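Asks: When you get a sec, could you build the whole thing from the sequences and use the hints?
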Amino acid sequence: MKEKFTTLKSTGVPIQVENIDTDQIIPARFLKATTREGFGDNLFCDWRYDGNRQPIKDFVLNQSTYSGKILVAGKNFGCGSSREHAAWAIYDFGFRVVVSSFFADIFKNNALNNGLLPVVVSDDFLKKTFDALAKNPKTEITVDLENQTISCGDVKEKFEINAYKKTCLMNGYDDIDYLLSLNNEIRAFDAAHS
Amino acid sequence: MNSKPKTIFEKLWDSHVVKRAEGYPDALFIDRHFIHEVTSPQAFDGLRKRGIQVFNTSRTTATADHNVPTKDQHLPIKEELSRHQVETLRKNCKEFGVDLYDLGHPYQGIVHIIGPELGLTLPGMTIVCGDSHTSTHGAFGNIAFGIGTSEVEQVMATQCILQYKPKTMRIEINGKLGKGVVSKDIILYIISKISASGATGFFVEYAGDCIRNLSMEARMTICNMSIEMGARGGLIAPDETTFNYIKGRKFAPQGEAFEHAVQEWKKLKTDEGATYDQVLVYDAADIAPMITYGTNPGMGMKVTDRIPTAEELKNISEQTSFKKSLEYMGLEPGSQLLGKNVDYVFIGSCTNARIEDLRLVADIVKGKKKASNVEVWVIPGSKQVEAQAKAEGLDKIFEAAGFELRSPGCSACLGMNEDKVPAGKYCISTSNRNFEGRQGPKSRTFLASPLSAAAAAITGKVTDVREVL
Ligand code: SF4
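Quick mapping for you: the protein sequence lines, in order, are chains A and B. FYI, the numbering for the first sequence is 1 to 194, going by my numbering. FYI, the numbering for the second sequence is 1001 to 1469, going by my numbering.
One or more of the hints may lead you astray.
[Said to hold, decoys possible] Distance windows between CB atoms, simulated:
{"id": "1", "chain 1": "A", "residue 1": "N136", "chain 2": "B", "residue 2": "E1404", "range": "53 to 61 Å"}
{"id": "2", "chain 1": "A", "residue 1": "Y173", "chain 2": "B", "residue 2": "D1277", "range": "25 to 33 Å"}
{"id": "3", "chain 1": "B", "residue 1": "G1273", "chain 2": "A", "residue 2": "T65", "range": "56 to 64 Å"}
{"id": "4", "chain 1": "A", "residue 1": "H193", "chain 2": "B", "residue 2": "A1387", "range": "32 to 40 Å"}
{"id": "5", "chain 1": "B", "residue 1": "G1273", "chain 2": "A", "residue 2": "S181", "range": "36 to 44 Å"}
{"id": "6", "chain 1": "B", "residue 1": "L1313", "chain 2": "A", "residue 2": "E160", "range": "25 to 33 Å"}
{"id": "7", "chain 1": "B", "residue 1": "P1253", "chain 2": "A", "residue 2": "Y173", "range": "33 to 41 Å"}
{"id": "8", "chain 1": "B", "residue 1": "E1087", "chain 2": "A", "residue 2": "V155", "range": "33 to 41 Å"}
Quick caveat, the hints were computed from the structure, so don't treat them as lab data. Just so you know, these numbers come straight off a predicted model, no measurement behind them. Beta carbons are placed, not taken as given, at the ideal position from N, Cα and C, and that holds for glycine.
Replies: Shown next, in the form of C-alpha cells:
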C-alpha cells in the first residue's frame, strides 16, 4: 500500500528549465544505493551544490523564498534514463506533485508508481504559474485529483489522468496486486509460448 | 475474410496481451527480462517482502555493467558502494536462481550488447530491462523497452507488465548514405529534426531501403537512441540480415528449430495498407556526419554547420534552456565546432561498442597516432567483443595509435564507475547522452559516430571525417 492522494493545497517551487533530464534530477553516481530511501539529499545535486558540497545560492532549492510540496518545471520533464531513483528523490525530498506542460513517458510511469502525481498543464497555464510564483512566492496551487483540476491564483484548468492510475493513486494500490491476481492466466500463457 | 491490416508493432503487441480488461491497461506478457546491478536491488527486496519467487527464471538474465571498472576487472571493485551493488546482484541472483554473467565471465558485458550476441534477443519477442536503452533490441523485430524498478519487480513477480499501447510512428529513410556517414549519423540527424521529445508517446518503426541495407550492428545503434527522442522504443522488421546474424548464436534455436523459427519470423512485417499515427520520411543523401553541441541529444547539427543563435530558435520558451546549455558547454551561439580542440575521445557504450564499431575505428587509425592533446578510451561492449577484437588484431592497431583498449562495461557513458571525464573537459563520445554531468560532474560531451570520434582522436580536434577518409 502506498500513501493515498486526494487533494493537495501547497505553495510551489519553480524551476523554469526545459528538458530537465533524470541525470540532473539525480546524477548517476548516486544510484548505488540498494534501498529506495535517502535520495532526496541528492535531488538536483549538481545544481544545488558546488564541488565542495556548499549550497549554490542561486538555485531555488537553496532559497528560503520558495517551499512547498509542488514542483513546477519546464517542458519535457524527466527525459533520459529510466532510473526510478528520479521519482524516489523528488518524493523523498518532500514533493508530491510535479507540474509541467510535458513529461517523458518512463518518468511519468515511475512517478505514478510511487505516489508522485505528474500534472500535465497547458503551456499557457504553466507560464501563468511561473509568473504568479515569480511575483508572489507564497501563491498557493491546488491540485484536486478526484475532479482532475489544478488552480493557481485565479487560473484553473482540468488535467488528464488515466482512470486506472487515478484509482490506484486515490486508493494507494499498486500494479503488482492486479497482476498477481492474474497468476493462472499468465501461467497458461507462458506454457503455451515456450 | 479480411482482417484489418496491422503494423508489425500491433501484431507483436496484440499477440502478447494476456488480459485486456475494461478500465485497466493491458497485461502484457514479457518473453525476456534483462537485469543489471543498478535498477534491480529494490525489486528483489520487493519480492522478498511479498515472499514470492521470480516467476520464470529461464526468461531472466543478469549481468554487471554500469558500475564495473574497465581496468583490473579481476580485482575486487575498489569503490565501496559499487562493490556492494555488484555483490548484492550476485547474492540476489543466487538466492532467486537467476543466470548471471558476472565480472570475468566470458559472456559479461553491457546488457544491450550481450542479449543480441548470445541469441537471447530474438524477433517476435517482448523484452524489458530496467534501463532506457532496452530499445536497442528492437533492431531484431521485437517490442523492447526500458522500465523503472517498480516495473522490474512486476515482471520478476508475474512475467507481465501493465501498459497502455503507445501510438505508432513510421520513420522511413530512403536512398544511399554518403561517404563517412554511418548509422549513428542517421539517428542523430532524426533527433536533431524532431527534438529530444519529438517521439514521446510513440513506438517507432524504422523502414526504407537505407535501413534495410544496414548491418545488425548499425540497426542496433539506431534503435538504441530511439529513447533520446522520447520514443517508448523503436524496431526494425526482421529480414535475412537478421536471420543470418542470429544463426548459430549460443541461445538461439538451432538446426531444424531455427529453420522453423525463421518461417515464423518472416511473418513479422507490417501489412500492406496498415496505418501509423505519424509518418516521417527522410532522404539518406541529406544526412552528413553529425555532432551535438548542447546538453540534450536533440541539439545536434552537421559537423560543418554552425551552432544556432538564440534568435534563430523557433520557440521562444526554448531560449532560456538554450542559453543555459551553451553556457554549460562553454560555447558561443553562432560559432562552429569544426576545429575545436577536444580533450577526451570515448569509443564505447551500448550505442557503439560492437565489433563493427571497433573495426570502423581501427580502419581509420591504422598506421596513425593519436594527437598529443587527447586521451583515447576504447571500451568494448562485451567480453566477446573484446576477444573478437583481439583475434582480429585490432588491439595492436589501437595500441600503436596510443589508444587504450580496456575491459567491457558502461564506462564513461555515465559517471557511475571509475571512468569519468574531468570537469570542464571536452569529450567526443560515441555514447548516447550529452546531458550535463553525464560523463562526470561538469564534463562536456559532443556526441558523434565512431568514425568522427576516431578522426578527432587523430587530429585532436572536431573534424569532418570525410577529410581524413
Ligand atoms: S552504456 Fe550507457 S546507455 Fe548503455 S546501458 Fe550502459 S550506461 Fe546505459
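Asks: The structure should be examined with respect to each hint, and the outcome stated for every one.
Replies: Structure-based check of all given hints:
Checked against the hint of 53 to 61 Å, the pair N136 of chain A and E1404 of chain B passes, with Cβ atoms roughly 56 Å apart. With their beta carbons about 30 Å apart, Y173 of chain A and D1277 of chain B fall inside the hinted range of 25 to 33 Å. In this structure the supplied range 56 to 64 Å holds for G1273 of chain B paired with T65 of chain A, their Cβ-Cβ distance being about 59 Å. A C-beta distance of roughly 34 Å is found between H193 of chain A and A1387 of chain B, which places it inside the suggested range of 32 to 40 Å.
Distance hint check: the CB atoms of G1273 of chain B and S181 of chain A are about 39 Å apart, consistent with the given range 36 to 44 Å. Here the CB-CB span from L1313 of chain B to E160 of chain A is close to 28 Å, well matched to the stated 25 to 33 Å. Between P1253 of chain B and Y173 of chain A the C-beta distance comes to about 40 Å, which sits within the given range of 33 to 41 Å. For E1087 of chain B and V155 of chain A, the hinted distance range of 33 to 41 Å is not satisfied, since their beta carbons lie about 52 Å from each other.
Violated hint for the displayed structure: number 8, the only one.
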